[in-house]
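Turn these sequences into a full structure, and let the hints steer you where they fit.
So the sequence shown is numbered by numbering that gives the first Met the number 0: it starts at 0 and just counts up by one.
Keep in mind the hints are simulated off the structure, nothing from the lab. You can take every hint at face value.
If you anchor each label on the Cβ, the simulated ranges turn out as follows: (1) Gly300 - Asp335: 23 to 29 Å; (2) Thr219 - Glu127: 40 to 46 Å; (3) Glu112 - Gly15: 50 to 56 Å; (4) Leu299 - Asn29: 34 to 40 Å; (5) Asp278 - Thr132: 45 to 51 Å; (6) Thr321 - Thr217: 33 to 39 Å.
Every residue, glycine too, gets a C-beta built ideally from N, C-alpha and C.
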Amino acid sequence: MSNIIELKNISKSFDGETILDNIQLEIHDNEFITLLGPSGCGKTTTLRIIGGFETPDQGDVVFMGQRINDLPPYKRHVNTVFQKYALFPHLNVFENVAFPLREQKAPKAEIAEKVQAMLKLVMLSGFEKRSVTSLSGGQQQRVAIARALISNPKVLLLDEPLGALDLKLRKDMQVELKKIQKSTGITFIFVTHDQEEALSMSDTIVVMSDGRIQQIGTPTDIYNEPKNAFVADFIGESNILDGIMLEDYQVKFAGQTFRCLDKGFAPGEPVDVVVRPEDVDIVSPEKSHICGVVTSVTFLGVHNELIVDINGFKWMIQTTDTVAEGEKIGIELEPDAIHIMKKSEYSGRFGDYSTFSEEMDELSNPDMEAEA
0 MSNIIELKNI SKSFDGETIL DNIQLEIHDN EFITLLGPSG CGKTTTLRII
50 GGFETPDQGD VVFMGQRIND LPPYKRHVNT VFQKYALFPH LNVFENVAFP
100 LREQKAPKAE IAEKVQAMLK LVMLSGFEKR SVTSLSGGQQ QRVAIARALI
150 SNPKVLLLDE PLGALDLKLR KDMQVELKKI QKSTGITFIF VTHDQEEALS
200 MSDTIVVMSD GRIQQIGTPT DIYNEPKNAF VADFIGESNI LDGIMLEDYQ
250 VKFAGQTFRC LDKGFAPGEP VDVVVRPEDV DIVSPEKSHI CGVVTSVTFL
300 GVHNELIVDI NGFKWMIQTT DTVAEGEKIG IELEPDAIHI MKKSEYSGRF
350 GDYSTFSEEM DELSNPDMEA EA
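Following this line, the structure appears as structure tokens:
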């Protein structure tokens with residue numbers, strides 16, 4: 000698969016604050032790639048640099064082999080769909096979609112043919128004469144996508160375009176966007192902070208934090224083989240514990256020794272151990288060396304979400320079993336339920352479910368920042 004965009008050593012600062020720190024990324028032709036991360040991680044700035052709305056302080060943006068750092072947005076073969084769709088309220092659906100071609104002074108017959116094709120693609124045939132202000136949020140988004148695609152860009156940039164939609168409509172549009180990308184063959188670069196969106200839509204996910212790329216991979220790789228504690232915590236739920244790698248395929252954590260599937264660590268090397276909540280099996284206390292007390296039970300429809308205190312560390316466990324708050328349980332872990340990661344700057348910051356967010360941690364421990 001050939002590269003369509005390369006970001007080479009891209010750095011960007013605003014008011015002395017580093018937003019992007021030496022970003023290197025290859026984006027392939029006909030790929031649905033998602034930049035994923037929390038607010039302030041640098042994903043939107045990366046998108047804006049690709050689109051030409053920002054210029055990097057250092058590094059090069061290469062498009063199909065050509066450096067385009069100084070090329071203005073309108074000269075790039077790239078279009079953007081923003082969260083606020085920026086439709087023209089005084090124009091109907093047809094004219095909104097036709098606008099780029101009218102600016103190019105395309106023939107009327109060509110405009111009519113291409114607008115009809117775009118409206119069919121986004122399932123808005125018959126809406127030509129509607130006012131865009133009368134449309135639902137999802138319909139407005141489809142108009143914005145059709146307008147962005149009508150000039151046949153090589154790349155479509157999507158900056159959190161589903162953020163303003165309700166849950167069911169957002170899920171519908173996830174499916175539609177993936178279909179549109181496959182049918183057009185255009186490279187989609189999608190920005191979101193929503194992990195489920197990234198996992199369900201992407202060929203490739205780029206996980207970002209603190210202005211740096213933490214991991215690049217397929218959704219399966221990112222979920223099953225996170226590179227560090229940040230990725231493990233941000234993509235889904237994870238219990239992340241301190242461990243010691245005793246030897247290949249053998250790790251010690253939570254006071255016990257376990258078989259695992261990992262190798263290549265130094266004997267005695269401190270590691271982070273990841274256990275996904277859905278991979279924990281509940282057994283009776285007398286059948287396990289690891290036991291704890293259930294401190295909360297939340298019913299989530301298809302499963303129960305338990306918080307279990309095991310020697311002062313709060314585990315999350317997802318199970319279809321019926322378990323009562325205050326009950327003592329044992330847990331069992333198969334080797335493929337245990338994933339070993341090297342220690343990183345994010346070690347010790349995630350993976351204990353005393354609370355569900357760093358903000359709550361800070362509120363419950365006001366001296367934390369001073370200690371740091």
